[in-house]
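K.L.:
Heads up: the sequence shown runs through residues 450 to 846, numbered per the working numbering.
Keep in mind that the hints are not guaranteed to be accurate.
Said to hold, decoys possible - EDC-like cross-link-like pairs, simulated, lysine to aspartate or glutamate; straight-line CA separation at most 20 Å: (1) 628 <-> 615; (2) 502 <-> 814; (3) 502 <-> 492; (4) 567 <-> 731.
Read the hints as simulated data drawn from the structure, not as lab findings.
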Amino acid sequence: MSGNTPSSSRGANAVINDERYRSIFYQVVVFGLFIWAVLSLIENTQINMATRKMAVGFDFLKNTAGFAVAWTPLDYKPSDSYLMVYWVGIINTLILAGISIVLATFLGFIVGILRLSKNWLVAQIASWYVEVLRNTPLLLQIIFWYLGAFANLPRPKQSIEILGFESLVLNNRGLYIPKPQPEDLFWLTALALLVAVLIAIVLNKRATRKQQQTGKYISTLVPTLLLVFGLPLVVFVLTGMPLDWEIPALKGFNYRGGGFVLPAMLAVMVALVVYHSAYAAEMVRAGILSVSKGQTEAASSLGLKQSFVMRLVIIPQAMRAIVPPMISLWMNVVKNSSLAIAIGFPDLVSVFMQTSLNQSGHAVEIVALVMAFYMTVSLTISACLNVYNKKIQLTER
450 MSGNTPSSSR GANAVINDER YRSIFYQVVV FGLFIWAVLS LIENTQINMA
500 TRKMAVGFDF LKNTAGFAVA WTPLDYKPSD SYLMVYWVGI INTLILAGIS
550 IVLATFLGFI VGILRLSKNW LVAQIASWYV EVLRNTPLLL QIIFWYLGAF
600 ANLPRPKQSI EILGFESLVL NNRGLYIPKP QPEDLFWLTA LALLVAVLIA
650 IVLNKRATRK QQQTGKYIST LVPTLLLVFG LPLVVFVLTG MPLDWEIPAL
700 KGFNYRGGGF VLPAMLAVMV ALVVYHSAYA AEMVRAGILS VSKGQTEAAS
750 SLGLKQSFVM RLVIIPQAMR AIVPPMISLW MNVVKNSSLA IAIGFPDLVS
800 VFMQTSLNQS GHAVEIVALV MAFYMTVSLT ISACLNVYNK KIQLTER
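Could you build all of it, start to finish, from the sequences and the hints given here?
P.N.:
Printed below as a string of C-alpha cells:
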C-alpha cells in the first residue's frame with residue numbers, strides 16, 4: 450500500500466500543475482460564486498419586498514395609467530394601461546436616439562474630414578469644435594440648449610418662419626410642421642418605394658461586382674435616383690395623389706393642427722448630435738490617418754480628383770478602423786438619451802421609470818423592463834454593426 454502513495458501523489462501534483470485543469474477549476478469557482486451572488490440577491494429582494502408587503506409581478510401593466518404624456522406619435526390616452534405607457538416611452542426613445550445617431554454620424558464624418566483639411570483656419574475651427582464639445586458634460590449641454598436657446602424663442606404670435614414657409618414655424622412652444630395624412634391607396638406608393646430601393650441595391654451590387662472583375666467604374670447614381678424617386682412618384686400620380694397635409698395654423702395664443710416637436714426634444718437632440726459628433730469626428734480622423742499615404746499618392750498619380758480619392762480609396766479602407774469604435778458610440782447615444790429626463794422630455798425613463806413607478810410602486814419590475822429595453826437595443830446595434838464590420842474586413846484568398 451505504501452508503494453501506491455508516491456504514484457498517486459505524482460498524479461495529484463500533475464493535475465494541480467496542469468494549466469488546463471487549473472483554468473477549469475477557477476472558472477467553476479467563479480461561476481459558482483456568481484450564481485450564489487445572484488440567488489442571494491433574489492432571496493434578499495423577495496424577503497425585503499415581503500416585509501414591506503409589496504406585490505411582485507407584471508399584472509400592474511394592465512392597470513390604467515391615468516396620466517397624460519406631453520408628446521408621442523402614438524394614439525395614447527390617460528385611460529390606457531401602463532403597458533401602453535411602456536410602448537410610448539420606447540417609441541419616443543427610439544425616435545430621439547435614431548435621429549440623433551444618423552445626424553451625429555453624418556456631422557462627425559464632415560468634422561473629421563475637416564480636421565484634416567489643408568486650410569489652417571478650417572482645421573483649427575474643427576479642432577476647437579471637437580475639443581470644446583468633447584470636454585463638456587453632456588447633461589450641461591442639454592440644459593444649455595434648453596434654457597439658453599429653445600426656451601428663449603419668441604412666443605407663438607412672433608414665431609420664426611423657417612425658410613419663409615408659414616406652415617413651418619418655430620417658437621417657445623416647439624417646432625410646428627405639416628402633418629401627412631395618407632389616404633387608402635397610399636400604400637401602393639410606399640410599396641413602390643420599397644421595390645425601387647431593393648432594385649437599386651441589386652444594381653449597385655452588380656456594378657460593384659463588375660468593377661471588381663473588370664476594373665471599370667460604373668456610375669449608378671443617376672439610375673438609383675430615377676428609381677428611388679421616379680417610380681414612387683409615377684405610382685403616386687397614377688393613384689390620384691392619395692396624400693393630404695394637415696397644416697398648422699395660429700389660432701388664439703397657439704398653433705393648432707399639423708405636427709409639432711417639443712422644445713425639450715429639440716434641445717436633447719441637438720445636444721446628443723453635437724456631443725457625439727465630436728467623438729465620431731475623432732474616430733473618422735483616426736480611421737483616415739490609418740490608411741497608408743501610399744494609397745493616396747497612388748490614386749492621385751492615376752489622375753483621380755481629390756473628392757474621388759477620398760470617396761473611392763480612402764474612406765472604404767478607413768471604415769475598417771472606424772466601424773468598431775462607432776458601435777460603442779451608437780450605443781452611447783441610445784443610453785445617453787435617458788438624460789432627457791432632466792428637462793422633461795417624455796422618454797422611457799421619464800414616463801415609465803419615473804411617473805409610472807411613482808404611481809404603481811413596482812420598482813423592481815419597472816427597472817427590469819427598462820434595463821431589458823436598453824440591453825436589447827444595445828445588443829441589436831452591436832450585432833448589426835458587427836455583421837457590417839465583418840463584411841468590410843480584408844479577406845485573404
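K.L.:
State the violated hints by number, sorted upward, taking the hints as numbered earlier in the document.
P.N.:
none
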